Each structure stands twice: as structure tokens, then as C-alpha cells.
Amino acid sequence: DAGVTQSPTHLIKTRGQQVTLRCSPKSGHDTVSWYQQALGQGPQFIFQYYEEEERQRGNFPDRFSGHQFPNYSSELNVNALLLGDSALYLCASSLPLGHDTGELFFGEGSRLTVL
Amino acid sequence: AQKVTQAQTEISVVEKEDVTLDCVYETRDTTYYLFWYKQPPSGELVFLIRRNSFDEQNEISGRYSWNFQKSTSSFNFTITASQVVDSAVYFCALSGRPGGGADGLTFGKGTHLIIQP
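Line by line, the protein sequences give chains A and B.
Take 1 as the starting number for the first sequence in our numbering and just add one per residue.
Take 1001 as the starting number for the second sequence in our numbering and just add one per residue.
These aren't lab readings, by the way, just hints derived from the structure by calculation.
This structure is a prediction, so every number in the text was calculated from the model and none was measured.
Fair warning: there could be bad hints in the mix.
To be verified - Listed below are several chain B residues computed to face chain A (Cβ distance under 8 Å; list not exhaustive):
| # | residue |
| --- | --- |
| 1 | Ala1007 |
| 2 | Tyr1032 |
| 3 | Ser1042 |
| 4 | Leu1045 |
| 5 | Gly1104 |
What the hints assert, rightly or not - Here are the in silico distance ranges between beta carbons for each label pair:
| # | chain 1 | residue 1 | chain 2 | residue 2 | range |
| --- | --- | --- | --- | --- | --- |
| 6 | B | Asn1052 | A | Ser27 | 24 to 32 Å |
| 7 | A | Arg22 | B | Glu1015 | 50 to 58 Å |
| 8 | B | Gln1069 | A | Ser27 | 35 to 43 Å |
| 9 | B | Gln1116 | A | Gln18 | 42 to 50 Å |
| 10 | A | Thr14 | B | Pro1098 | 36 to 44 Å |
| 11 | B | Ala1081 | A | Thr20 | 44 to 52 Å |
Stated by the list, open to error - In silico negatives: residues of chain B with every beta carbon more than 10 Å from chain A:
| # | residue |
| --- | --- |
| 12 | Gln1006 |
| 13 | Ile1011 |
| 14 | Lys1016 |
| 15 | Thr1027 |
| 16 | Glu1044 |
| 17 | Trp1066 |
| 18 | Thr1106 |
| 19 | Pro1117 |
From the three backbone atoms N, C-alpha and C, an ideal C-beta is built for every residue, glycine too.
Given these sequences and hints, build the entire structure.
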């Protein structure tokens, strides 16, 4: 049973460019959340997707957007990249509402470097 | 607003020593959930425990134990007889909903635990 998978694992972009990160949730999970983890910091909540809609957003600008597909996989898009967007981007999936055990399953992340 | 403070940035102990990681939280919610996650060098966060605000019983799982004290807003984590494999960054987190819900988890900055052989 595959866990949460993310791609790419590493990527380098320059300021002003756009990036798309991808996530496949654990089998049986329908909810996907995205977190940004800067070096030496704890993860920060970006947003969560459920039933192909953004349910809630953390304190991130509109340059950060996402999408969830019918198969529950998800994409995180960041436009007009800034140096400060350099971070590990983590995807987490969880069980459907009503079956939520409180455990989030995380992928290994996509390490984004903005030059 | 919710806040989690892990004052210990890094802890280094020798194998087999006991070690306690501190976590202090702030929330206005009357019902809330506390978590501990482990982050090994590979990057993925591994769930260790979730605790409800209305259940102050301490919990033990093998060499791991957790002490939840509402009076001091603390949720500390102790590893007994530490092993090299315990080396990782440990995060304490807080949420108003069981799985983080739509608002996500609020994480502390983490404590880097180094277990020396």
C-alpha cells in the first residue's frame, strides 16, 4: 500500500518563475493538505482540499493556489516565485470525514530552491 | 490565535539516557487536540500521538510517554532509554479539530534530538 507520494523531490527555479508540485494521497484518503516548511522551522499550513474544493487557507498570498482532481490527487502552484518561497513543501492526506482518526500521513516533500 | 512553543532547539544525549522534549501551547479553544510528529532526515513527518483536551491521562507506548498538563498548557514527550534511531526532529502541534481539520495544524519550531552512540 503506497503512502503519500510527491513529485518532484527537488527542483530549482529562478525568481519570477512559476512552479507546480504534485501529490498523490494514501489509498483510501480523500483529503489533501499542503504545508510549507522553511529551513529550521515547523511546517506552516497553506490550504486543504476536499471534494475538489479548497476548504480553508492559511496565511499565504494568492500566488499560492491548488487543485484537487477526481482521483483525489492534488497540485500546488506557486506563481511569481520569491526567494522566500524556498522551502520543503509537504503534502498530507487523511481519511474521509467521519473516519478521521486524527492522523495525517505526510509525503517526503518537494524541496524547492528559488535563486 | 493558536501558538506552540518548543523552547529546546537542539538536545544531545548519549544513548540509553532518558530525554524529555518540552511543548507549551496557547489556544482560546475549549476543545483542542495536541499532536507529536517525528521528522527523520528523509523529510516525511511521522505521526506519534494525538491527545484531546478533555483527556489528561498520561500515555505510554513502549519507550515513549507523554505528559499532558492543562494547568500549565504543556504536552511534554519523554523517551526512555534513548536509541540512535530516535535521532530526528520532533514537532509538537495543535489544532481545534481531531485531524487538523480544514484549519490545519499549528506546529512548533521543532526540537532536533541527537542521540550519540
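The hints, checked one at a time:
no.: 1; hint: Ala1007; verdict: 13 Å, violated
no.: 2; hint: Tyr1032; verdict: 12 Å, violated
no.: 3; hint: Ser1042; verdict: 6 Å, holds
no.: 4; hint: Leu1045; verdict: 4 Å, holds
no.: 5; hint: Gly1104; verdict: 3 Å, holds
no.: 6; hint: Asn1052/B - Ser27/A: 24 to 32 Å; verdict: 27 Å, holds
no.: 7; hint: Arg22/A - Glu1015/B: 50 to 58 Å; verdict: 39 Å, violated
no.: 8; hint: Gln1069/B - Ser27/A: 35 to 43 Å; verdict: 38 Å, holds
no.: 9; hint: Gln1116/B - Gln18/A: 42 to 50 Å; verdict: 44 Å, holds
no.: 10; hint: Thr14/A - Pro1098/B: 36 to 44 Å; verdict: 41 Å, holds
no.: 11; hint: Ala1081/B - Thr20/A: 44 to 52 Å; verdict: 45 Å, holds
no.: 12; hint: Gln1006; verdict: 8 Å, violated
no.: 13; hint: Ile1011; verdict: 15 Å, holds
no.: 14; hint: Lys1016; verdict: 28 Å, holds
no.: 15; hint: Thr1027; verdict: 15 Å, holds
no.: 16; hint: Glu1044; verdict: 5 Å, violated
no.: 17; hint: Trp1066; verdict: 14 Å, holds
no.: 18; hint: Thr1106; verdict: 7 Å, violated
no.: 19; hint: Pro1117; verdict: 25 Å, holds
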